[in-house]
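With these hints in hand, go ahead and build the complete structure from the sequences.
Chain by chain, the residues:
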Amino acid sequence: MPRWPMVWVCGTCLTAGLLLPVEQPQALRPRLQLDALFVNAPDLHVIEGRIAEKLKNGTGVALDYHLALFAGSRTIARRRTFERFSFSYDLWEENYTVSTLRKPRSAASRMTAREAERWCLDHLPMLVAGLGVNEEFWLRLEIRAAQVKNDADWLSDEGLNLGRLIDALGRIDGRKPDQWVREAGPFRLRDFPAPGRTP
Amino acid sequence: MQLAFLILVSGLSTFLFGQDSGEQDSAGVAGNQQLAANVNSRYVVERAEIQPEGMEHRLGQPLLALVRALPGQTFNSAAVEELAQKIRTQLPAYQVVLKVSRGAERERLRVTFELIRKGGKADVVVPRFSYHSKQNFTFGADANIRHENFTLSAGVLTDQDELLERYSGIRFGAQREGLAAGRLRAGVAVELWRTQWNPTVESASQAPESTVDDEIYRTRTQFRPYVAVRLFEPLEWEAGVSTHRLQMQSPVARHELSSAAYTSLRLVRRWKSPEHEQKFTADYDFRLGASTFGSDFAFRRHLATAVYRLEDDHDVLIASAMAGWINGRAPLFERFVLGNSRTLRGWSKWDVAPLGSDQMVHASIDYSYREFRVVYDAGSSRAFGGDRKLRQSIAVGYGRGFGFLIAFPLREGRMEPIFMLGMNF
Numbered sequence: 001m002p003r004w005p006m007v008w009v010c011g012t013c014l015t016a017g018l019l020l021p022v023e024q025p026q027a028l029r030p031r032l033q034l035d036a037l038f039v040n041a042p043d044l045h046v047i048e049g050r051i052a053e054k055l056k057n058g059t060g061v062a063l064d065y066h067l068a069l070f071a072g073s074r075t076i077a078r079r080r081t082f083e084r085f086s087f088s089y090d091l092w093e094e095n096y097t098v099s100t101l102r103k104p105r106s107a108a109s110r111m112t113a114r115e116a117e118r119w120c121l122d123h124l125p126m127l128v129a130g131l132g133v134n135e136e137f138w139l140r141l142e143i144r145a146a147q148v149k150n151d152a153d154w155l156s157d158e159g160l161n162l163g164r165l166i167d168a169l170g171r172i173d174g175r176k177p178d179q180w181v182r183e184a185g186p187f188r189l190r191d192f193p194a195p196g197r198t199p
Numbered sequence: 001m002q003l004a005f006l007i008l009v010s011g012l013s014t015f016l017f018g019q020d021s022g023e024q025d026s027a028g029v030a031g032n033q034q035l036a037a038n039v040n041s042r043y044v045v046e047r048a049e050i051q052p053e054g055m056e057h058r059l060g061q062p063l064l065a066l067v068r069a070l071p072g073q074t075f076n077s078a079a080v081e082e083l084a085q086k087i088r089t090q091l092p093a094y095q096v097v098l099k100v101s102r103g104a105e106r107e108r109l110r111v112t113f114e115l116i117r118k119g120g121k122a123d124v125v126v127p128r129f130s131y132h133s134k135q136n137f138t139f140g141a142d143a144n145i146r147h148e149n150f151t152l153s154a155g156v157l158t159d160q161d162e163l164l165e166r167y168s169g170i171r172f173g174a175q176r177e178g179l180a181a182g183r184l185r186a187g188v189a190v191e192l193w194r195t196q197w198n199p200t201v202e203s204a205s206q207a208p209e210s211t212v213d214d215e216i217y218r219t220r221t222q223f224r225p226y227v228a229v230r231l232f233e234p235l236e237w238e239a240g241v242s243t244h245r246l247q248m249q250s251p252v253a254r255h256e257l258s259s260a261a262y263t264s265l266r267l268v269r270r271w272k273s274p275e276h277e278q279k280f281t282a283d284y285d286f287r288l289g290a291s292t293f294g295s296d297f298a299f300r301r302h303l304a305t306a307v308y309r310l311e312d313d314h315d316v317l318i319a320s321a322m323a324g325w326i327n328g329r330a331p332l333f334e335r336f337v338l339g340n341s342r343t344l345r346g347w348s349k350w351d352v353a354p355l356g357s358d359q360m361v362h363a364s365i366d367y368s369y370r371e372f373r374v375v376y377d378a379g380s381s382r383a384f385g386g387d388r389k390l391r392q393s394i395a396v397g398y399g400r401g402f403g404f405l406i407a408f409p410l411r412e413g414r415m416e417p418i419f420m421l422g423m424n425f
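As given, the protein sequences belong to chains A and B, one line each in that order.
At position 149 of the first sequence (counting the first as 1) the number is 149 in this note's numbering, and the numbers step up by one without a gap.
At position 242 of the second sequence (counting the first as 1) the number is 242 in this note's numbering, and the numbers step up by one without a gap.
Careful, some of the hints might be misleading.
[Unchecked claim] A short list of chain A residues far from chain B (calculated; beta carbon distances all over 10 Å):
#1 Arg29
#2 Gln33
#3 Asn57
#4 Ser73
#5 Glu115
#6 Leu155
[As the list claims (entries may be wrong)] Think about it this way: if two alpha-carbon atoms lie no more than 16 Å apart in a straight line, the pair counts; the simulated EDC-like pairs of lysine to aspartate or glutamate are:
#7 B:Lys99 - A:Glu53
#8 A:Lys54 - B:Glu114
#9 A:Lys54 - B:Glu81
#10 B:Lys118 - A:Asp90
#11 B:Lys86 - B:Glu177
#12 B:Lys99 - A:Asp90
#13 B:Lys279 - A:Asp157
[To be verified] Listed next, the stretches of chain B that the computed footprint assigns to chain A, with coverage defined by at least 3 CB atoms under 8 Å from CB atoms of chain A:
#14 38 to 49
#15 124 to 131
What the hints contain is simulated information worked out from the structure, not anything from laboratory work.
The structure presented is a predicted model; accordingly, all values stated were derived computationally and were not measured.
Note that the Cβ used here is the ideal one computed from N, Cα and C, for glycine as well.
In structure tokens form, the structure reads like this:
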């Protein structure tokens, strides 16, 4: 059986794949509500792996959410918003509870993992007052597990523990830290046709 | 007057030990804030255990009692985490994994502290590493080998920060922990040091007004057996004998002995909440050098220190105070030193008191925002009959664990800055 039809099909597909303009889905989907932007991150799941394991062991987990808006420059943020969320998993009802740790406190319970993740993003408003309607801007969402200081730190009052330092360096190389980053843009306010809608 | 005294003692004891147990009290504060945070706080602990079975005996009686007290209590995530942390501290050779799972009955929880032996039994610690523009380098490294509750250590050190002299050499130690139901530890330390002296100290030592006790020595060998008992959860008492054999330098080479019995009380309390952490440490140390112990030096040395630390995400505030006094004539290494990397940071210790002090008071405020740091020191000392003088200094720098400081003495006239680089100062 001649091989050329297979080669031709593969070559055509490869060329088409390289040449066709493929629209990349944005990692963050912003929406405008009154004077604040909220983001949605459909592909971002923080309640997975070690975090989920910790929660299902009955331990509370605190995650720091930072949302930054860049306009004019991609290096200096024009605006920032921050919140620390505390997650816990109900061992008997098998659902998640989330609360904010900063005042005024708010909380929601009996949620699935995806609902809990979405609830956090819905409580992270980015005010857009002062941003021009035609001004291009980018958004960067950073989520990090809150640092818990414990006696296993490699630098303590006792001094520098080389064994723990090597462990820490090993973790940097071998294990991903509990940190997630998503960026998206450029956006313009004029592209948000009506409050509550995405561009 | 008596009433006022009783109120003072009552207030102090409540502060130190809490109503029932100091740690439970502090954990309770954190626990209230945790109620909103951890949804399992509405359930009751049905069972609490140490895994694998048979490992309970490794915990001290006070810790085991805290674990056994958990069943029947409402689940308090912060208190249970605190307990896991205490087990980690008591059993450094083990990794402690906290697991909370459903109990046999509905709305009941089972708490498990799983002990996993760590792979490495040996580690190397660098307790001191710093550079000081007046004192040059200080560096030390210790190797520790642990087997069960037994620790052997060996280390090297060259230090020109802590005392008037630079002492360099080796040290060895052996310590047994977990005795008397985990309350007691005992050990012995042997240190062999060779000294180097700053010319200012040598001159002061040879001045006509100096006494035989101001003599500098060439080598110093210490032998120190000790025993430490945890009286209450936050309070530890230590006692021992510290024997130093000194090879004197002048006028002729000879040996002298400085033997002192010592006792110390140490209190450590922590308060944790989701927003911040507080720690209070207080120490009182008393040394008695007497001819009864074969000592050529007769003295009584008292030293009291207190440190309060408040820390949150970005800020660290440390307030500390210490006071010390010596009756009698103590050898140079027992005397108080102000003007190093931890006290009166803008001053040189050899300018403050080249032969050390017999009375001193010092206070310090150390504040950091993120990595930026400001330190204010104030101290007063008296050198064996001399005048007391209040000295102050201010330092600014970058880095908390490892970083640098530039310190200035607050005085009229020329202010020469002192530069410090390193860790833990």
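Status of the hints after comparison with the structure:
no.: 1; hint: Arg29; result: holds, 29 Å
no.: 2; hint: Gln33; result: holds, 26 Å
no.: 3; hint: Asn57; result: violated, 5 Å
no.: 4; hint: Ser73; result: holds, 22 Å
no.: 5; hint: Glu115; result: holds, 14 Å
no.: 6; hint: Leu155; result: violated, 4 Å
no.: 7; hint: B:Lys99 - A:Glu53; result: holds, 10 Å
no.: 8; hint: A:Lys54 - B:Glu114; result: holds, 14 Å
no.: 9; hint: A:Lys54 - B:Glu81; result: holds, 12 Å
no.: 10; hint: B:Lys118 - A:Asp90; result: violated, 31 Å
no.: 11; hint: B:Lys86 - B:Glu177; result: holds, 15 Å
no.: 12; hint: B:Lys99 - A:Asp90; result: holds, 14 Å
no.: 13; hint: B:Lys279 - A:Asp157; result: holds, 13 Å
no.: 14; hint: 38 to 49; result: holds (count 4)
no.: 15; hint: 124 to 131; result: holds (count 6)
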